[in-house]
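*Asks:* The whole structure should be built from the sequences, with the hints applied where relevant.
One-letter residues, chain by chain:
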Amino acid sequence: MLLLFITFFKIGLFTFGGGYAMIPLIHFYAVDKFKWLGEEEFIDIIAIAESTPGPIAINSATYIGYKKYGVKGSIAATLGVVLPSLIIIILISAFLMQFKENVWVEYAFLGIRIAVSVLILNAGIRIYRKTDKDWLSYILLLFGLIVVSFDIIPIVLVILIGGIVGIIHALIVKNKGVDEDA
Amino acid sequence: MIELLILFVVFFKVGLFTIGGGLAAIPLIQEEVVARGWLTTAEFTNMIGISQSTPGPIGVNVATFVGFSQYGPLGSIVATIGIVAPSIIIIIIISHFLSKFRKNKYVEGIFVGVRPAVTALILVACYIIAKEALVNIPLFEASGNLIDLFDIKAIIMFVVFFLVMNKWKHHPVFYILIAGLIGIFIF
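Going line by line, the protein sequences match chains A and B.
For the first sequence, this note's numbering begins at 1 and goes up steadily by one.
For the second sequence, this note's numbering begins at 1 and goes up steadily by one.
The set of hints was computed from the structure by calculation and includes no laboratory data.
Here the structure is a predicted model, which is why all the values come from computation and not from measurement.
For each residue, glycine too, the CB sits at the ideal point set by N, CA and C.
Keep in mind that a hint or two might mislead.
[To be verified] Pairwise CB distance ranges (calculated):
| hint | chain 1 | residue 1 | chain 2 | residue 2 | range |
| --- | --- | --- | --- | --- | --- |
| 1 | B | K103 | A | G70 | 21 to 27 Å |
| 2 | A | V103 | B | I156 | 18 to 24 Å |
| 3 | A | I152 | B | V9 | 19 to 25 Å |
| 4 | A | A94 | B | K169 | 28 to 34 Å |
| 5 | B | E43 | A | K130 | 29 to 35 Å |
| 6 | B | D148 | A | I152 | 27 to 33 Å |
| 7 | B | F150 | A | L2 | 53 to 59 Å |
| 8 | B | N145 | A | A94 | 37 to 43 Å |
| 9 | B | K167 | A | G38 | 36 to 42 Å |
*Replies:* Shown next as C-alpha cells:
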C-alpha cells in the first residue's frame, strides 16, 4: 500500500497542467510497470473518470487504489496524488502573502491574467468541439449563456438541468441503442 | 469551526458538480468565492494562473488556494478534502459495475445535456475574467472617455496570446511564465 501511495505521490508531483497530463504517467505505472491493471481496464477507467464528477486524476487514483486494497487503498492513492500540490500551493500562498504589495509581482499578474483568459477561452472552445452539433445543444448552450450571464439561477442548477434534459433526450431517442452490448 | 464547515460544504458541492474534468470546476468555484466575498475576480484569476503552473489537477489546486486564503493551511486541507470527497465516494460506488456504467444509455444521455451547459458556464467565466483583465471600468467611469475603457496593451496581448497559443501547443506553464515576464515589462 505504501508503494501505491508513493507511486501516486510521484504522479501528483510530476504532472503539470491538470488531469489529462496525468494519463500517460498513470498508464506507465499502473499498466506497464506494476501491472495493477490491464490495457482494456485502463481505457475503461479513463472513460469512467471522464464521465463521473471530479478531476480525472483523482477519479483514476481512487479506482486503482480501491481495486487493490479497498477503501483504504482508494484513500491512500488519492492522498498520494493530492499531497504534492497541497504542499506546493501552501508554500506558494505563504510566499505570495509576503510579496502581495510588490509592484513587480502585481505587473507580472496583470500579464498572467491575460494568459489565463486565453487558456479558459480555449478550454471553452475545446468542450464546445466535443458537444453534439444539434438543435438541443444550441438551445442548452444559449440557455446557459443567458441564465448565467444575468445571474438568474445558480450554476449547479444549470448543470442539473443539462443532465436532466440529456436523460429525457436519451429516453425519447430509443433507436440509438448504445447499451445493446451492456 | 462553522466557517471551516462552510468551506468544506462549498468545495464538496464543487467536486460533486465538476463534470467533464479540468476547468469545469472554475465557473463553480468562481461563483461561490466571488459571491461570498472571499476573493475578488482578479485575485481568483491570479490563483488560476498559479494553479495551472503547479503540479496537480487545477480544481484541487484552486481549492487549496482558496482554503489557504481564508483559514491558512487548515483551510487548504479542508477545501481539498471537500473537493475530492465526492469523487472518492462516487468511484467506490460505481466501481462494482464499471463497464455497464460507461455504456449505459442514460449516462451517455447526461453528457449530451451537460456538455453544452458546461460550455456556456466556461464561456461566461472567461468573459468575467477577461473583462477584469482587458478593460478598465473604474478609469472609464472617472474620465468618461471611451478610450480609457479599453486597456489597449492588454487587448493586443490577449489577441497575440490567443493566436500563438493555438498555433504552438506548448504547455500552459510556459505561456504563464512568458505572460508574467511580459507583464513586468509592459505595464
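*Asks:* Now tell me, hint by hint, if it's right for this structure.
*Replies:* Each hint tested on the structure:
no., hint, result
1, B/K103 - A/G70: 21 to 27 Å, "holds, 25 Å"
2, A/V103 - B/I156: 18 to 24 Å, "holds, 22 Å"
3, A/I152 - B/V9: 19 to 25 Å, "holds, 23 Å"
4, A/A94 - B/K169: 28 to 34 Å, "holds, 33 Å"
5, B/E43 - A/K130: 29 to 35 Å, "holds, 31 Å"
6, B/D148 - A/I152: 27 to 33 Å, "holds, 31 Å"
7, B/F150 - A/L2: 53 to 59 Å, "holds, 56 Å"
8, B/N145 - A/A94: 37 to 43 Å, "holds, 41 Å"
9, B/K167 - A/G38: 36 to 42 Å, "holds, 38 Å"
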